[in-house]
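J.: Position chain B with the ligand against the provided structure of chain A, taking the given hints into account.
Now for the letters of each chain:
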Amino acid sequence: MLNNLRFKTSKFIDETYRVSFKFNNKTYFGFKGDTLASALLANGIHLVGRSFKYHRPRGIMTSGSEEPNAIIQLHNNSSRTEPNVRATEVEIYEGLVASSQNCWPSVNFDIGGINNLLSPILPAGFYYKTFMWPASFWEKYEYFIRKSAGLGKSPKVADPDIYEHKYIHCDVLVIGAGISGIMAAKMAAKNGFKTLLVDEKSYLGGSSIYDNSEFSKINNQITSSWLEKEINEISKLENLEIKTRTSVAAFHGYNFLLARENITDHLPINQRENKVRQRLLKIRAKKVITATGSIERPLIFDNNDRPGILLSSAIKKYIDLYGVACGENNILFTNNDTAYETAMSLIQRGIKINAIVDNREQIDSKISYEVEKNNIKIYKGYTVVDTYGYRRINKISIMKLSKDGQTVIGDKTNLNCDCLGVSGGWTPAVHLFTQSGGKLKFREEDQVFIPNVYPSDQISIGSCNGDFGLEEIIKNTLSSIKKFLDIDNSEYKTVETISGLNQSKRNIWLLPSNKSIGKTKSFVDYQNDATAKDIKLALREGFRSIEHVKRYTTTGMGTDQGKLGNMHALGIISETAGTKMGEHGTTTFRPPYTPLTFGTIVGRNVGEFFDIFRRTPVHDWHVANNAKFENVGQWKRAWYYPKDNENMHLAVQRESKAARDSAGILDASTLGKIDIQGTDASEFLNRVYTNAWSKLAVGKCRYGLMLNEDGMVYDDGVTTRLGENHYIMTTTTGGAANVLGKLEDYLQTEWPELDVYLSSVTDHYATISVCGPNSKKIVSKVIPDLDLSDEKFPHMSFKNAKIDNIKCRVMRISFTGEHSYEINIQANFGKSVWEKCMEAGKDFNITPYGTETMHLLRAEKGFIIVGQDTDATLTPIDLQMDWIVSKKKYDFIGKRSLYRSDTIREDRKQLVGLLTENPKEVLEEGAQIVADIKKSPIEMLGHVTSSYYSPNLKKSIALGVVKGGKNMLGQKLIIPMENKNINVTVADPVFLDKEGERLNAKL
Amino acid sequence: MFLINCPFCGEREQSEFKAGGEAHIVRPKQPTELSDDEWAEYLFMRKNIKGIQFERWNHVHGCRKWFNMVRDTSNDQIKAVYKMGEKPPVK
Ligand SMILES: [Zn+2]
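So the protein lines, in turn, are chains A and B. Heads up, the first sequence is in our numbering, so the first residue is 1 and it goes up one at a time. Heads up, the second sequence is in our numbering, so the first residue is 10001 and it goes up one at a time.
Just chain A, with the same shape it has in the complex (with noise of 0.2 Å):
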């Protein structure tokens, strides 16, 4: 013996690698192998948190995934700081520092205990019925409920650690390494599976690789010895790979599972420099054999959350494998024969027990008599009523059961002791089976749920799949291996096993008190401190569904998504509701099984991948040029290009005023473009486009307009006529990918017949738009060889040439209203183009501007921009360009729903201009606009879509879109802002050169 506390034990402590760390700012000692916890409970701290609601002192309950109190917070007040972790699966490490999650302000003094004085009026359902109301008071209560309900702290910088993602594609994936996931990965790579076999613990085994009782055995071996053979025989096989510390967190369908693999979390700090931390693993299997195992439940009586009150499981792994006593005098209270292997293993190492008090009035086991020889007192038939000690549990009182198990009889027995072990028997871990869509089935004799029906090629086996004495889970493990995998060779020849278990069980779900239930503290979430008493009180207020009583008293809602208590839950309605236990179903597990760092999801996309974007080709002249930018979709646009102190404002009011008076020049790279090629090309953009295009000559350009087949506007741009059968076509910026995939349904689906085809070209070209009355001179200069002469190359034409031996296209078409060229380039000699154009322009005062100068300019012009002056609920004939509507076509996508009944209303919302009493007031874009303030309600016509003073016209202009609004031209309307109401006019949305005389004068 090492302590008082400490034993030594045999392979999975290094007592001679001494480890220091550091718990609630004091410093203890471990040894390598340790987990927090058993370092913890070696050093006699069971106390280790406050409970969420009443604030209740909390000790460890459990060694493993499932502990609901021993949450910590790690690595304080540094980057690398993590909530919501679990003291039994951290390694330690030296320097380790971790702290109580819960116990604000200390966990020896709280503020919040005051709940559990109060706790008679905290009953479930408290905080919705209290702080909810008013709701206006809601923020204040927040503050302290937050502070004093230890919810953990994220960190406050950007986490240092690196992440990554792997996929993983197997024959076999065996989730779980204890004795049937062992055999189970052995039997499938032996025979030719690729396999792949991972367990959420850092060694192999399960908890059979401790069990070194003589009451089990396999092959006349102790268990533990024969299983370490098993293992040393599959770590060599050369089929197999075998992931440790690697928790299984979702099972989606197909066969589809995410698991995080722990690879640096056990190491010293130091040890981690530039190596991933965790990693995700995609995994897609052909077969899934989930071996996840069990997991002990607990007893639900009074006073059953005290620190030192563990699972008898849990005392049993802290002293066989790590060597640690969880308490010098143990008492332990079972259903069933599970707590007798605990006391054998406390017995071994002459740690006292001072009684074991059984519900069951028969106990007829091997193992129950050896521990009875020893002298050992066995209550049969009692059941534990209350217990004692605030900080740690001191006292058990006990009682008699009565026959149908509903009452306690006779007197109180008081029994005094410094820690309780509890065993209410066992439930399968069904989580990643529930979660994979499988159907479980409620087995009555031992009350478990077990998988019934399987959604995908997998299947359960184990005690996941109910199957609990060693001998059955053999000899099924074998039989349903053999089956799935479809093999006839098992591997194992005869398997022999002898267990000195029983497997009786009294299952009583809320065992009987000598108190009222409303007297008693029975709880059944530990994380969420809900209790017996919280689940009855919701059925009385009428809740009856599983799911409604999870929420009304949360049980299960915490971040053990209630792993120990939800059988109990649903056992207990059942009982109070007088309804069969397999007819409630179960609550829906959701992934992850364990929660998941963010780090882990994220893996490599961080940074500058977290969001990809893209660039244009004069993309670094912006940047260079002190652009701000914008973002369209995915894109980076250059949005204005601010000077000296100008703000966005005095910026775009320069450029705008500048592209009209002289030139500028504008990156439109982005717009999307679809080559078009195909003997039909002409007969599909009639279908798709409102307009005709059969006439259209080669070399010409023509804007076009598509709608949604409901009628509403989906797109628009440019097309242009390259050659008899080829077009290129240009989108919207954002709309390209969508338009190009719209097009290929119809073209795919509908219309296979048409010799079409199409081809994404928006990366291939550099789109770059010079506009102005100097423009001409401007292109001229870039471009000596081409015609410019309005006869040659009039507005809407285009022609092919040459910058530098270079091929381009040139367009003359224009989104501002005036004279312009878009040069089209192959996109790697895009930004010498632009300098080109620069360098041509200097003297013409050439001005770059942005996507704001180019809205306000089309604006002037009342050019739409779908998506902000449209929001797909606008016909071209609500947006007044019934111009652009063929009337002569018999058919084009959208076109029958231009005169369905909704489509023809006349107080449909149309597109009009706006323009404000006062010049100077510019309208806020998604303003109300309305009629009469007076109403009430007042009556919303419509909103402001697009908003601007203009330079050029030295007034405020706006688009909007109003009720009935064509017909109001020159009526005044009212836009309610928050502190006045702002007079506006209807006007024609053209504001600027209706007649179009700047398009076509002569330069």
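These aren't lab readings, by the way, just hints derived from the structure by calculation. There could be a bad hint or two in this list.
Counterexamples of contact, computed for chain A against chain B with all Cβ distances above 10 Å [claimed, not checked]:
| id | residue |
| --- | --- |
| 1 | Thr16 |
| 2 | Arg80 |
| 3 | Arg284 |
Derived Cβ-Cβ restraints for the label pairs, each shown as a range [what the hints assert, rightly or not]:
| id | chain 1 | residue 1 | chain 2 | residue 2 | range |
| --- | --- | --- | --- | --- | --- |
| 4 | A | Lys643 | B | Gln10014 | 24 to 34 Å |
| 5 | B | Ser10035 | A | Asn625 | 52 to 62 Å |
| 6 | A | Asn979 | B | Glu10033 | 51 to 61 Å |
| 7 | A | Ser79 | B | Asn10048 | 13 to 23 Å |
Even for Gly, the Cβ is constructed at its ideal location relative to N, Cα and C.
T.: Only chain B with the ligand this time, still in chain A's reference frame:
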């Protein structure tokens, strides 16, 4: 996440595909001949079956081809995939 057997490329992960709603709804050849009700039937009415459903899918991040799929929506099992224009292989 489904594994979808694209009739042109073979088995690929669902993330490469886009669902496109109910299959075998033919666009009327003469929309102008239809009443509002008949047009609305084509335009808006779609089945949402719990069970065997015929659907359109597009291998949008692959070959860009549209194809049809028969899927049991109650358990997401894909019963068949087939090219546009082909007859559904199961009833
Ligand atoms: Zn494909």
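J.: If a hint holds in the structure, say so; if it doesn't, say that too.
T.: Here is what the structure says about each hint:
1. Thr16: holds (48 Å)
2. Arg80: At roughly 32 Å from the nearest Cβ of chain B, A/Arg80 sits farther out than 10 Å, so the non-interface label holds.
3. Arg284: Given a closest Cβ separation of 8 Å, the condition is violated.
4. A/Lys643 to B/Gln10014: 24 to 34 Å: violated (50 Å)
5. B/Ser10035 to A/Asn625: 52 to 62 Å: With a Cβ separation near 59 Å, B/Ser10035 and A/Asn625 satisfy 52 to 62 Å, so the hint holds.
6. A/Asn979 to B/Glu10033: 51 to 61 Å: holds (56 Å)
7. A/Ser79 to B/Asn10048: 13 to 23 Å: Since A/Ser79 and B/Asn10048 have Cβ atoms about 48 Å apart, the given range 13 to 23 Å is violated.
When held up to the earlier numbered hints, the structure conflicts with 3, 4, 7 and fits the remainder.
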